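S.K.: Please build the complete structure, drawing on both the sequences and the hints.
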Amino acid sequence: NAGVTQTPKFRVLKTGQSMTLLCAQDMNHEYMYWYRQDPGMGLRLIHYSVGEGTTAKGEVPDGYNVSRLKKQNFLLGLESAAPSQTSVYFCASSYAAPGLASGQYFGPGTRLTVL
Amino acid sequence: DAKTTQPPSMDCAEGRAANLPCNHSTISGNEYVYWYRQIHSQGPQYIIHGLKNNETNEMASLIITEDRKSSTLILPHATLRDTAVYYCIVRVEGDGNNRKLIWGLGTSLAVNP
Numbered sequence: 001n002a003g004v005t006q007t008p009k010f011r012v013l014k015t016g017q018s019m020t021l022l023c024a025q026d027m028n029h030e031y032m033y034w035y036r037q038d039p040g041m042g043l044r045l046i047h048y049s050v051g052e053g054t055t056a057k058g059e060v061p062d063g064y065n066v067s068r069l070k071k072q073n074f075l076l077g078l079e080s081a082a083p084s085q086t087s088v089y090f091c092a093s094s095y096a097a098p099g100l101a102s103g104q105y106f107g108p109g110t111r112l113t114v115l
Numbered sequence: 001d002a003k004t005t006q007p008p009s010m011d012c013a014e015g016r017a018a019n020l021p022c023n024h025s026t027i028s029g030n031e032y033v034y035w036y037r038q039i040h041s042q043g044p045q046y047i048i049h050g051l052k053n054n055e056t057n058e059m060a061s062l063i064i065t066e067d068r069k070s071s072t073l074i075l076p077h078a079t080l081r082d083t084a085v086y087y088c089i090v091r092v093e094g095d096g097n098n099r100k101l102i103w104g105l106g107t108s109l110a111v112n113p
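Which chain is which? The protein sequence lines are A and B, in order.
Numbered per our numbering, the first sequence finishes at 115, counting up by one with no gaps.
Numbered per our numbering, the second sequence finishes at 113, counting up by one with no gaps.
Read the hints as simulated data drawn from the structure, not as lab findings.
Every value quoted in this text rests on a predicted model; they were computed, and no experiment measured them.
Warning: the hint list may mix true and false statements.
[Stated by the list, open to error] Here chain B is said to cover these stretches of chain A; the calculated rule only asks that three of the stretch's residues, wherever they fall, bring their Cβ under 8 Å from a Cβ of chain B:
| id | stretch |
| --- | --- |
| 1 | 43 to 53 |
| 2 | 106 to 114 |
[What the hints assert, rightly or not] If you anchor each label on the Cβ, the simulated ranges turn out as follows:
| id | chain 1 | residue 1 | chain 2 | residue 2 | range |
| --- | --- | --- | --- | --- | --- |
| 3 | A | P8 | B | P21 | 34 to 44 Å |
| 4 | A | K71 | B | E14 | 34 to 44 Å |
| 5 | B | P21 | A | T20 | 33 to 43 Å |
| 6 | A | M41 | B | D11 | 21 to 31 Å |
| 7 | B | P113 | A | G51 | 38 to 48 Å |
| 8 | B | Q42 | A | T113 | 11 to 21 Å |
| 9 | A | A2 | B | S41 | 18 to 28 Å |
| 10 | A | P61 | B | I63 | 36 to 46 Å |
| 11 | B | T56 | A | V12 | 39 to 49 Å |
Ideal Cβ placement from N, Cα and C applies to all residues, glycine included.
M.R.: Written out as C-alpha cells, the structure reads:
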C-alpha cells in the first residue's frame with residue numbers, strides 16, 4: 001500500500017495564480033482532511049470530507065476550495081493565491097471520525113510558496 | 001473539550017526509554033487520548049491511542065492514569081530516528097461526523113548518541 005500520497009511536493013506560485021493539490025489514499029478510508037502547518041503553530045484544519053461527494057469547512061477555510069469526486073481522492077484548490085497561503089499542506093485520511101478509535105494517516109506534505 | 005499540556009522539549013539518550021508526559025485534566029469520560037509524531041519535514045505519523053486501558057503496539061506503549069487526567073507515551077529503546085515532535089491530542093471539537101482534532105505544539109524530543 002502506498003498509503004496517502006500528495007502531488008506536487010513543492011510549488012512556487014505568484015500572487016493571484018491558481019493551483020490544485022491532489023491527495024490520494026489507497027486504504028479505502030471514508031474521511032479525508034486537508035491541513036496547513038505554519039512555523040510556531042499547530043496543524044490547522046482547512047477542509048475535510050466525511051465521504052465521497054461530501055466536503056465541509058474546517059478552522060481556516062477562506063481562500064481554499066475542495067472536492068471529493070472519488071472516494072480515494074481529495075483535491076485542494078487555491079483560486080487566487082496570496083502570500084499568506086505560503087505554508088506546508090498535509091493531507092490525511094482515516095476510516096472513522098476524529099475522536100473515535102481511529103488514527104489519521106498523513107501524506108508527506110506539499111511545500112507551497114506564494115511570492 | 002479537553003486540552004493537553006506537554007513539556008516543550010525533552011532529551012533522551014539513545015537506547016534508553018523515552019517517557020513523554022501529557023496532562024489532560026479536563027478530559028471527558030468518552031474522549032480518547034491520541035499520540036502522533038512528526039519527524040522533521042515529514043507528515044505527522046499516528047502512533048497509538050487509548051481510552052482507559054494501557055495500550056502497546058510495535059511503536060510504543062501508552063500508559064493512562066486511572067483517573068485519566070494524564071498519560072505517558074513510552075518509547076522503550078529510543079533511537080536517533082525517534083527524534084521528532086510528539087503530539088498528545090485529546091481535544092476534539094464538533095460532534096457526529098463533524099469532529100475535528102485540535103493540535104497543540106507538542107514536545108520536541110531529541111535522542112542523543
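S.K.: May I ask which of the numbered hints given earlier this structure violates, with the numbers listed in increasing order?
M.R.: none
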